[in-house]
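Protein chains in written order, with UniProt numbering: chain A, 1 to 254; chain B, 1 to 235.
Worth flagging that the hints you see were computed from the coordinates, not collected in a lab.
Since the model is a prediction, treat every value here as computed from it, not as a measurement.
Backbone N, C-alpha and C define an ideal beta-carbon position, used for all residues, glycine too.
A hint or two may mislead.
Using C-beta positions, here's what the derived DEER-type ranges look like [claimed, not checked]:
#	chain 1	residue 1	chain 2	residue 2	range
1	A	V3	B	P157	39 to 47 Å
2	A	V3	B	D38	25 to 33 Å
3	B	I82	A	L222	22 to 30 Å
4	A	I35	B	S73	40 to 48 Å
5	B	R18	A	L28	50 to 58 Å
6	B	T227	A	I44	57 to 65 Å
Now the stretches of chain A that chain B is said to cover, found in silico as 3 or more residues with beta-carbon under 8 Å [unchecked claim]:
#	segment
7	169-176
8	188-201
Facing chain A, a subset of chain B residues (Cβ under 10 Å, in silico) [unchecked claim]:
#	residue
9	L90
10	V168
11	L179
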Amino acid sequence: MNVLADTWTYLTTAAHWQGDGGMLQLMLQQLLLSITALAAAAAIGLPVAMWLGHLGRGGFLAINISNVGRAVPTFALLALLVTADHPGVTTFGPYGRAGVATLIALTLFALPPIITNAYVAVREVPADVRQAADGMGMTGAQRFRRVELPLALPLVVSGVRLALVQVWATATIAALVAGPGLGRVITDGFYRSNYPKGIAGAVVVALVALVLELLAALGQRLADPPPRRTRSARGGAMSGSGRRVNEAAEPLGS
Amino acid sequence: MTLLVPTAVAADPSCYSRLTNEWVCGQYLRDRQSEIVDATTQHLEITVAAVLLGVAIAFPMALVARRLPRLSSWILGVSTGIYTIPSLALFPLLVPFTGITATTVVIGLALYALTVLVRSMLEGLRSVPDDVRESAIGLGYGPTRLLVKVELPLALPVIMAGLRVATVSTVALTTVGSLVAYGGLGNLIKDGVLTNFRAELLTASVLCVALAVLLDVVIVVAQRLMTPWTRGVRA
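Isolated chain B, as found in the complex (with noise of 0.2 Å):
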């Protein structure tokens, strides 16, 4: 905009030049929205489909666990083991399989999803309590009709609970997937890192924890709709 008057830049240079490298930069916010929005949009993206990847893989296990006590350590054995290995370890893990593209951030936070939602499903079905479920049964409700409409939403606030805690580890953890291009705004903290690019970088990790805040509160919001009685009784 100032190309055509030197001096001007020279008065002002703009705050994300090489000689200020300011970290709050307005300026930067607006040259650069278009990348910033994708980058979040990117973030967003991977994170719900990782999410949902480990309910529906949680879901089952989680049932199996229950009806089988024998396996049930075991599976929660396997889910915790997961967990151990570091995340920067687990993508390239899952290169040779899926090779360098958004499957395998998805699939490799699902995975570590897996071990808080597997606990918090078991941990929700068990919370309900048995003479519920027998006057469910003795009113003549069959196994799934059981589940669905007795056993889930007494489950539901154990299970949201869980949820929160994975989506919002989910959120942090997106970042590592810069390492196989798929970050989303870690893409832009990696980048910021290497250009030293303070604007960059500080605008990146505020939105990453404002995104984390938000889902949050999301779920909180989206628990409060589905479990209207839980409000007066815990007030």
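Here chain A stands alone, though its shape is the one from the complex (with noise of 0.2 Å):
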């Protein structure tokens, strides 16, 4: 087919890559967002949702913050941002143009699948474990940092995961608004009929999504320790085995 043929030539002109409002320059930009909206989200719901989850309260709305979450459009968000006087900064620092308003509307996206598991993996963490720590005389506190903190945090990770990848998805968007980011290409190639780009911008996008999936399942790895592992092979009880990850939260950058 012609287009991709194109597009194959697009993404392997030199030019296109570099320099400013280059591919780079735009797939740092998004990067960027992305990281800095995901850890702005981790900072506000982790504590939260894993204090919640170790008081055992709050469940109905954890859970359901993600549903809510589901049925607003991040491009409507984003475009009301945009539109409204506040926050009235057009610029705001390396963030470039649209810059707050696609910082918040990102934040706000990834918090639903990171309290949502966090609140659930503190949770679950099985009640006679929770009880052996209470015998054994933990305070609260000590429970939480000893024993519920040190099971849940696969899962939690997995949160942190799912939403890292989730929102360098929805990042794209920001250029429906003519913020900053990789989307710019999608949408310049669609709005000049050059269609070669608009796919090529697409495939980089795609592409770094999937590395970005790859990091952060090798992250995951990093953050199950081994010794519990090991210990579970051999039929350790404290495994909390049966838990299942509900992974698929949500679509990319509704």
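Please assemble the complex out of the two chains, which come individually in their own frames, going by the hints.
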């Protein structure tokens, strides 16, 4: 197909990657946005969700927040934030045009999977393990730090991993409101009927998403400490076997 | 209406003029009614078509995955893999095959719905207790009748839960279709951003969320009607 051949030509032309507005710069912009939004969401969401999980309260809120989040189109949220007077900043440090609006929308978007997973992770530490910790005379804080946190960690990390890939994908939408990132290549290509360019941008975004997914999977493996895994392989009772993560939370870039 | 009386215009400008640009504006709703209804209809059509297409593809996939366990991880892997492609990137990738049409958006959204749908169908079918299945076989049910009369009804609550997730997120995702001009309410949102038109922007966004809630309620009601036996047991 001709378009695909042209796309390949676009991708392999060095000039399209370099300089101001080149794909390399846009990719860095988008990575910066994604990681900042993810860090902000984790900083807000993790403590609250894990504390609620520790107390065993607010489950309804934690679960339903992700259902509500699914119904709100990120594009609409982003558009509203960009058009509103507040936050009235058009440029924000290295985040470029539409900066703060994109950052807020992405952070809000990353919160549901992080909160839901972290809450469920702490909540689902087996009751007998909790009771054993209480029986050993641990205080609430000790039980959280020494028992619940280590056991919940793999699931918590998988929530962050899910959020990372979703945020990266959603960050492309910023381009629909003239924001930064690789989405610019896609929308520019479409608005100027330069389809090979649009498709080239899509290919790069999809490839980076896959790379991030692989890196996150590696990171997740590191967060699940090998000693625990060997113990569970021998049939240890501490592994919390049978806990499964619902990895498929919501589509990317809604 | 007030064009003949310029002073009245100055005293009472419409709430969506360039000067006032209010978020909430009844005048806008009245003046652009047909445009808004058209966009909502398109949004609804694209969403429903995408979810139905998703169900049509997911069902055989789930059946194959259940029959051949070796294929099941592969099938789940593919449907999850599609998920890692951002929506704004998926539509352009489909364009060389389907062109700038509503088909592109419907197919793209259906592919996204697959992940949730295949998973929930597979889980639903697996949740049917073995003894129920064996009783039905003992009563002389063939494979097809077993599936239609026994397994599907029992799997329905889990399948419908998946359908709710898929539908609600498809409504939200349809807005991105505005990239190829078929985004329903997303087209209004895009126009609202480009022309800095707040009433249009807010109206389309609110309608979009309302549509998601409405469809969710429709599915819940449908499920209640289709599975009368679940009531009372769970209460």
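We went through each hint and held it up to the structure:
1. V3(A) <-> P157(B): 39 to 47 Å: 45 Å, holds
2. V3(A) <-> D38(B): 25 to 33 Å: With a Cβ separation near 30 Å, V3(A) and D38(B) satisfy 25 to 33 Å, so the hint holds.
3. I82(B) <-> L222(A): 22 to 30 Å: Holds: the Cβ-Cβ distance is about 27 Å, inside 22 to 30 Å.
4. I35(A) <-> S73(B): 40 to 48 Å: 31 Å, violated
5. R18(B) <-> L28(A): 50 to 58 Å: 37 Å, violated
6. T227(B) <-> I44(A): 57 to 65 Å: 39 Å, violated
7. 169-176: holds (count 6)
8. 188-201: holds (count 6)
9. L90: Holds. Min distance 7 Å.
10. V168: 5 Å, holds
11. L179: For L179(B), the interface hint holds, since the closest Cβ of chain A sits about 6 Å away, which is under 10 Å.
Checked against the numbered hints given earlier, this structure breaks hints 4, 5, 6; the rest are met.
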